[in-house]
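Participant: If you're matching them up, the sequences are chains E and B in order.
If you're matching positions, the first sequence starts at 440 in my numbering and goes up one per residue.
If you're matching positions, the second sequence starts at 1198 in my numbering and goes up one per residue.
I should point out that these hints are in silico values taken from the structure, not numbers from a laboratory.
Backbone N, C-alpha and C define an ideal beta-carbon position, used for all residues, glycine too.
Be aware that a few hints might be false.
As the list claims (entries may be wrong) - Residues from chain E that face chain B, not an exhaustive set, calculated with beta carbons under 10 Å:
id : residue
1  : A514
2  : G516
3  : V603
Said to hold, decoys possible - Restraint-style ranges between C-beta atoms, simulated for each label pair:
id : chain 1 : residue 1 : chain 2 : residue 2 : range
4  : B       : Q1295     : E       : R643      : 16 to 24 Å
5  : E       : V471      : B       : T1240     : 22 to 30 Å
6  : B       : G1330     : E       : D489      : 34 to 42 Å
7  : B       : R1360     : E       : S659      : 32 to 40 Å
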Amino acid sequence: MRGGRRLALGAAALALAWSAPAGAYVRYLTDVGKPFFWAQSTVPITAYPDGFTQTSMTQAQLEGAVTAAAATWSAPGQACTYLTLMPAFGTGEGPPAANDGHSTVLFHSTVWCHVQADGTCPGGVEYDASALAVTTDTANTMTGQIYDSDVEVNSLIYPWADVVQDPQLVADMDLQNALTHELGHLIGLDHTCWDPLTSTTPSRPVDNLGNPVPDCSNPSPDVEATTMFPSADAGDIQKRDLAPDDQNGLCEIYNVDDPPPQPGTEAFGGCVRCATGGPFAPGALAFWVALAALIGLRRRARGTTPR
Amino acid sequence: MLVPALLLALPSVGSASLILALDLPTMVSRADQISVVDVVSVTSAWNAAHDRITTTIDVKVVDSWKGSAAPTTHLQVVQSGGTVGEIEMRVDGMPHFQVGERTLLFLRLHAGPDHASVVGMAQGKRPMTRDAGSERWMVSAPGRAGADFVRTTPASAAIFTARPRALTDLRSEVRALVSAGARPAAPAGTR
């Protein structure tokens, strides 16, 4: 009897430990609840460094920041994934950020707005001066497949730097740090915490393990250390490298052993098994195992047997 | 050519933006107009090239704490993103508006007649609710609207976790800041 009790307690403890949120990540969902994903294994991203006119970074540093941020989320550096963000560098200031199927990183140093082809702002309306970068992704609502993502960097107002190579510029924003975070969104990851006022998710989301996403106002150190935590300080370089939670998201959504399905097939839709938790997600399953074990203990203590 | 055209015909949009967290004195300083408003209409439309959506929000001023717009004046808030048909273009960090809601806005006026944009993006729209017990209007913390906010000082991020406060209290603080000489925002960018 005591052995059975120990066994049940052990099972409960094991299951609860299994449900701990280590390695948890959160995915962007479309309006109809489909997780965002890229259907191809290689995502070309063209950056236009000519638009960056600050002297705080050399051209080599800027291209290095884009390249390193892309590599952080890519094979072969991340051996667990097939995904490759493939940076290229164009000339000129680049095309307008638009739903055109070409993902870009644009630097605006003369006007801070959605620059049109003629170099003006639509209706004379600019982006707000407090915005350091504005990102727009385009996806199919019904499948979650991402088509386009454009990152516009405000190099008109804010100084950007490579804070690792130039630590004296620690009061500036580290470009690689910011881009690594933004590219996490580009591959379909959401923030690792939730703010009840966030308008993009009306109810508290769950992570890949089926656990409620923690509050942004009271995050654990592990959550705050993630690349996908939604705030940063000037000079912050912590987001340059993936935390275990971030890496787990990349590795499960774009797992090297689960290559992208072909368009037109039923499986077209990325890793649907690891999407957003649910009653049979690993974390939820652990909860049910633990609950069953505890109920069994209580019934044994009362001398009852299940009907 | 047809295939990409069809692919581009269905999308919705999700995104993230990186925004400086602003404290209240900075918000007051950067705003040309600070008003309690009622949202009258929200209209989204494609641009001429049919590759970007812009939303125009018509608001009616209820009370002004800074600026020249008198009660009943209408202002047009214009911002990137929106939804037209099945296509949603979401620029994270842009505040969301609902017809009929009353809200506090920190606005920057533009060259167009009565055209404005929200200061600090999502930070410049403060939701208002009427307290059931006291029936006082309360002002809530702004929504993040999916954006990432950069802390400049500990106080600059506190705006997002602040508890709802009475509208009258906030009005007194804002008017004091205005009276103390908070200058209109220095021209940023190319305004």
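Participant: Does the CB of E/G516 sit less than 10 Å away from some CB of chain B?
Facilitator: With a closest approach of 23 Å, the E/G516 hint is violated.
Participant: Close enough to count: is the Cβ of E/A514 nearer than 10 Å to one in chain B?
Facilitator: 23 Å, violated
Participant: CB of B/R1360 to CB of E/S659, is that within 32 to 40 Å?
Facilitator: Roughly 23 Å apart at Cβ, these two residues miss the hinted range, so it is violated.
Participant: Is the hint on E/V603 kept, meaning its closest Cβ partner in chain B is under 10 Å away?
Facilitator: 18 Å, violated
Participant: Regarding B/G1330 and E/D489, is the given constraint of 34 to 42 Å on their beta-carbon distance met?
Facilitator: 59 Å, violated
Participant: Please check whether B/Q1295 and E/R643 have a Cβ separation lying inside 16 to 24 Å.
Facilitator: 21 Å, holds
Participant: Is the gap between the beta carbons of E/V471 and B/T1240 within 22 to 30 Å?
Facilitator: 24 Å, holds
Violated hints, in rising order: 1, 2, 3, 6 and 7; the structure is consistent with all others.
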